[in-house]
Amino acid sequence: MSMTTNRRRVLRGSAIAAALALTLTACGGTDRADEGSGSGSDGGTAAEGDLSGDLLIWAWDSTVPDVATAFEEANPGVDIEIVNAGTGNDQYTALQNAIQAGSGVPDLAQIEYFAIPQFAIGEGLADIGPMGASDLEDSFTPGPWSSVAINGGVYGLPLDSGPMALFYNEAVFTEHGVEIPTTWDEYLEAARALHAADPNLYITNDTGDAGFTTSMIWQAGGHPYEVDGTNVTVDFDTPEVKQFTDLWQTMIDEELLAPVTSWSDDWNQGLGNGTIATLTIGAWMPTNLENGAPAAEGDWRVAPMPQWEAGADLVTSENGGSALSVTSASQNADLAYAFLEFASVNDGVQIRVDGGAFPATVAELESEDFLNKEFPYFGGQKLNEVLAESAKAVAPGWQYLPYQVYANSIFNDNVGSAYISGTPLSDGIASWQDATIAYGNEQGFTVD
Amino acid sequence: MTTTASTPRPTGTTAGDAAATTPRSAAPRLRSRRAHSVDKPRRNVLLTVLTAIVLLYALVPLAWLVISSSKTQADLLSTFGFAPGSSFALFENIANTLAYNDGIFLRWLANTLLYVVLGAGGATLLAILGGYGLAKFTFPGKKAIFAVVIGAVAVPGTALAVPQFLMFSQMGLTNTPWSVIIPSLISPFGLYLMWTFATQAVPTELMEAARMDGASEARTFAQVALPLLAPGTVTVLLFTTVATWNNYFLPLIMLKDPQWYPLTIGLNAWNAQASTVGGQAIFDLVITGSLLTIIPLIAAFLLLQRYWQSGLTAGSVKE
Amino acid sequence: MTQAVVPVSPAGQTTELKNPRRGDRAKPARAPRSWRGWGFVGPFMLVFALVFIAPIAYSLYISVFRTQLVGGTQFVGLDNYTRAFGDPQFWDGVGRVSLFLVIQVPIMLGIAMLVALAIDSGRLYGKDFFRIAVFMPYAVPAVVAALMWGFMYGPRFGLVGYINDFMGWSIPNPLGPQWILLAIGNIVTWSFVGYNMLIFYSSLRTIPTSLYEAAALDGAKEHHVIRHIKMPAIQGSIAVALIFSIIGSFQLFNEPSILQKLAPNSITTYFTPNLYTYNLSFSGQQYNYAAAVAIIMGVFTMVIAYVVQLRGTRKDA
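Protein chains in written order, with the numbering used here: chain B, 1 to 448; chain A, 1001 to 1319; chain Y, 2001 to 2317.
In case anyone wonders, no lab produced these hints; they're calculated from the structure.
Treat the hints with caution; some may be incorrect.
Straight-line alpha carbon distances no greater than 20 Å define the calculated SDA-like cross-link-like pairs of lysine to any residue that follow [as the list claims (entries may be wrong)]:
{"hint": "1", "chain 1": "Y", "residue 1": "K2127", "chain 2": "A", "residue 2": "T1048"}
{"hint": "2", "chain 1": "Y", "residue 1": "K2261", "chain 2": "B", "residue 2": "N89"}
{"hint": "3", "chain 1": "Y", "residue 1": "K2127", "chain 2": "A", "residue 2": "V1045"}
{"hint": "4", "chain 1": "Y", "residue 1": "K2261", "chain 2": "B", "residue 2": "D90"}
{"hint": "5", "chain 1": "Y", "residue 1": "K2127", "chain 2": "A", "residue 2": "Y1057"}
{"hint": "6", "chain 1": "Y", "residue 1": "K2261", "chain 2": "B", "residue 2": "T93"}
{"hint": "7", "chain 1": "B", "residue 1": "K242", "chain 2": "B", "residue 2": "T183"}
{"hint": "8", "chain 1": "Y", "residue 1": "K2127", "chain 2": "A", "residue 2": "L1303"}
{"hint": "9", "chain 1": "Y", "residue 1": "K2261", "chain 2": "A", "residue 2": "F1249"}
{"hint": "10", "chain 1": "A", "residue 1": "K1143", "chain 2": "Y", "residue 2": "V2299"}
{"hint": "11", "chain 1": "A", "residue 1": "K1143", "chain 2": "Y", "residue 2": "Y2306"}
{"hint": "12", "chain 1": "Y", "residue 1": "K2127", "chain 2": "A", "residue 2": "L1050"}
Start from the sequences and build out the full structure, keeping to the hints where you can.
If you want it as structure tokens, here you go:
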């Protein structure tokens, strides 16, 4: 027994030594937020250059590391570590776990707009209003701002925004002699024309997407979610929603939608070879088109989102986009906020725009350089002119649920049947509504 | 009849074991000769063809992987999967995969090796010790042990993940290699395999003899039993290596720092990049990375097949 | 997790082997030895307690509470369990994995058995190559396998689509709701047929030549040999493989999870019980309910596994 134990001890010992050695030689210090309390909590209100400390940021956006580098250069005493802890829901899971465990929480986290209320209610995010954020309302476009300024506080600053626009493959439209639609009625006509001309050609794809559906309802002027603290109303039985479901039901019935799931291999192929003719989607799409559909370079253009009423003022909505938030567990909130301001409204914005992000700041959206930028992939079109207009025209008053992440995750469970087995779309949405209400009540909200 | 015929076989020494198995491979040929024709075994073409269908089934997706690894991303998205691309880009893809993001793929490879060496190695050690204990000793609670082990493994892992995460978090182990290694130390299959193997392969007389000579249990184990358990050890090692190499779910929950990802999680993250807003799709790297991920395992199998074949053989002898 | 195992307990045999001998030896030496076994089994059980027992105990504990986003935690007794028994989504998942089990496992084990018999018969050209090649898919991680098959299943640009275009057939979409279970079954079969084949093959190799010689002398045909010599010999392996596969089927998670992004309308969040508990925990933060569901599934799986094991050992005897 003793010898085996000894041998085992030796084995374990050397294993620990090996692991330690690796840990040390690796990028040191993975758990910044744990260790950072000592030295880092000073500094923050002083002028730039005087700041010092460590920050741990969870962000998947590829432009954030560049901003961090710039910030570090301007403030030599600051050390920032950026970790890509997953995109979207994967990161939210990780963040929830970390917050619940009480350790490993980053100082800053990138959070999409629809998920912010959830983390705010869960008290995972710090209210940065008192730190100066409440003065920044006018710096941002209304859509993103309304998603971070909730419940009387400010829970993050917008990083990018996603006003919806119509991205279309001009070559396809020209080939079939179809006009670019400006209203949803025209859109339906164009869908019919294109599909009739070529059965493999679809005006767009859809297999049920919660984000798309909510954004469309947003544009139509609907407010299905009303949130007041813990009192929540979920109501999809409104004329605006009906307007959307009527149109979309026709599209489904007449098989005008490509049965391809967004972000799949098939989807990229379809965008690249012209069998998916348009995308009504957020303004962040250009980079993804460039990367995912290189074969269609020069064919795509952008136009304003089709409208419900001909001749009226432009009305759009937001689809996607994220903010950067300071976590309540952060030990370096002041420093974190300083970085946040830098990244969100100051020099950081230009850095990110150069990297391909679509900004959320009014200043940027009105700048001449920005508006005049030509995009080679889009045949040299000045996309930002259209997109900036779209950003200004976002319909106001939209709210997300305090548990939108969950609600979106069960969207396909409930609405999916409309796409594959002929259940009416409105029934699917009603079922989604009921499931959402049930969950809310179960979680302690007062929902009706 | 089968009982008495097969038990004496594997309880020889190591040499005996090897001797017992090598002539076996010559035997079937002899067998069929005697059974069917006198001069040569009747190789059946039809049977070969039918089995070849299964073979194709097994290999076709792998063929796709190899072919796709030789394409550029543009080709990947525009050409048919089994057709060659417009240019042969395999080496370029490999180079890109290894270099992307400051060579993080190599880091992931190193992580996976670390987890496998410590995790699978540790699991094999625990399985050997445990299997030996179960096979050669009676002690209180013995019958319950295996029942408990199986019972625990029957509980869906996804629900255990959160308590495991919280526990490891309390101990400060999350986001460290230990959070991956420690759970991989449990291999119920390994335990079972070593149990049956030790039962057959280590004769109690030898152990008794060693004890009579005054050896402690540890020495008896190390010097008498361990050498006899070698084939089973290799088998368990190979299976735990595969399991650890391909470990996906728990590391996904436990690790947040890409610096510590194993290859499976890393590939998953690269794959997710394509569906990210503003992300750069790197399908070609994902596919080439996948190919590079499975090559070491396949190589290990090919090189070590002699050992695990004999290990599995001896281990599954029942009465 | 795909290698969950239940044994055909060899305990019966070992005592038969050991007792007669032990009984002869010095009996007094037995008593101090009675705890020595723990020295060897100890390390395994220690880590096991940490990694499994503790979380399960914790799961049992939280399964009798409920934590809400608003309102904190309360003790709710067996409410979560009652809720699970009345939860149509849970039963949908259970039904599905049971169906999966009943169809996929026999097919996979059947193919594995046939290939093992074929290779063992010595009548194949290149049998070594077959053995290795059929085993290779086992080395492929689930992520990669799902990637590969995801491509193959693509109805527009994947292999299925191509065959449809090329041959003019219309193979139904494997990722559609009617066929998705079969499609997943295919991936699992692909991954594990070689592994199971090897288990059977190894058992076949333990059959002593003397039996075959005797059979040949008696003039037995090949199928007699198979039925009366080979099959009985591998019954133990069959039981083992069956149990691995049953537990694996009930725990089905990896493949549906990865394919969900490709087929969101075919794979619901409650497609399998394991996927359900995952989504309950990580999308819905309903850890308590997820724990209750998991415990129920665990018990259910254990019961089935024991039943199969009992029948398996009875067959051996």
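Do the hints match the structure? See the list:
no. : hint                 : result
1   : K2127(Y) to T1048(A) : holds (9 Å)
2   : K2261(Y) to N89(B)   : holds (12 Å)
3   : K2127(Y) to V1045(A) : holds (12 Å)
4   : K2261(Y) to D90(B)   : holds (13 Å)
5   : K2127(Y) to Y1057(A) : holds (16 Å)
6   : K2261(Y) to T93(B)   : holds (17 Å)
7   : K242(B) to T183(B)   : holds (17 Å)
8   : K2127(Y) to L1303(A) : holds (17 Å)
9   : K2261(Y) to F1249(A) : holds (16 Å)
10  : K1143(A) to V2299(Y) : holds (19 Å)
11  : K1143(A) to Y2306(Y) : holds (14 Å)
12  : K2127(Y) to L1050(A) : holds (13 Å)
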